[in-house]
Every structure is written in structure tokens, then in C-alpha cells.
Amino acid sequence: MTATGTDETIAPTTTQARHAVSTRVFHWLTAILVFAALFIGFVMVNSVASYAQLLVIHKALGVTILVVVVIRIGNRLFHRGPPLPSTVGALERKAVVLSEVSMYALLVAQPLIGWAMLSAAGNHVAVFNLVRLPRIAPFSADLYGVLRQAHTVAAFLLVAAIAAHVCAVLLHSVTLRDGMLRRMTFGSSTRG
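So for the sequence shown, UniProt numbering puts the first residue at 1; every next one is plus one.
Derived from the structure by calculation, the hints contain no laboratory data. Keep in mind that a hint or two might mislead.
As the list claims (entries may be wrong) - Just the calculated beta-carbon pair ranges, DEER-fashion:
| id | residue 1 | residue 2 | range |
| --- | --- | --- | --- |
| 1 | V153 | I57 | 18 to 24 Å |
| 2 | V108 | I57 | 43 to 49 Å |
| 3 | F186 | Q53 | 32 to 38 Å |
| 4 | S99 | V48 | 16 to 22 Å |
Each residue gets a CB set at the ideal place from its N, CA and C atoms; glycine is no exception.
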């Protein structure tokens, strides 16, 4: 059963089926944005000299990620994924659903926590000084401290979820060779 409540069917060991083009575009766009935001976030907290400039970029990425992921979730509700390969057993299918739901939850929660953290610090979220978002949390030093910790923990959870996702894809692509990665790539659908 997928996050959308539909049953995944079993495909042959090597599947040529792919996700909808829109799903693939949102997947790779999200990946690029998240890697950039995580990288800048980790550099930012260790760089006094560049902190302010990196924060501007990090906030813009966070807002963009939130918008893209909300659209991506809507897209996912309308575009059922292709059948999973037969190499995916019943327990692993449950893990796929849990992984998908967890990843979406983290991708929504992380920018919201960051936005609330900035709000608790008394700041507005400005996207390159073009769009100014309202505060979503009251001004509070204590709340800011809690949200800052939550933002850090969520970043590490996101890194762990991404690592698990990449490892699972590598297992299926390199070891099982069941076409799992091909489901989310572009280009020729024939096996080379």
C-alpha cells in the first residue's frame, strides 16, 4: 500500500515502468534543493564570516523546498507509482511506505520548524528580500532554543533518511539489478 492508499502490484524482477515525468522532475528538484539547503546549513553554522549571506540563501531554499514538496505531495496523490519489482518482499513493501511517509513528513516539517524558529527569534522570513512571510510563532527566547534544537535534529534525521533511501536504491540497482533506479530516471527506458 502506498502513501496514497493504493496497493502496489508486483512487477517482474526487472521492470521498465517509470514514475510519471512530473513525479521524476519533483523528485530530482527536491533532491537538489535539499542537498543544497543541508550543505549550506551545515557550512553556515560553522562560518561566522559568511553566516548572514548563507542564511539568506538557506531561508530561500527552505521556502522553496516547502512549496515544491507541497506541490509534490499533491502530484503524488494523483500519480500512482509503477509496480514495485518482485524482488521487493512484503516486509520491504511496508518499509517503502513508512520511508515515503517519513521522508515527506521531514521535508514538510523541516522548513516549517525553521520558519517558526526565525519567528520565535523575532524575525520575518524574507526570500531574497522580495517576499516577506509572516511570523508563525510568538517571540520567545525559550521557544527559539527548542526550535533551534528541533531544526538541528530534523536535519540529521533527514540526512539519515536520505542515506537509507540511497542505500536501498543502490542495493536494488547494483546487487539485485531489478530496475529500481530506472523508475525515477530520465532517458531511454530500454535496458543497456
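Results for each hint:
1. V153 - I57: 18 to 24 Å: 22 Å, holds
2. V108 - I57: 43 to 49 Å: 20 Å Cβ-Cβ, so the 43 to 49 Å window is violated.
3. F186 - Q53: 32 to 38 Å: Because 33 Å falls inside the window, the suggested range holds.
4. S99 - V48: 16 to 22 Å: About 37 Å separates the Cβ atoms of S99 and V48, which means 16 to 22 Å is violated.
When held up to the earlier numbered hints, the structure conflicts with 2 and 4 and fits the remainder.
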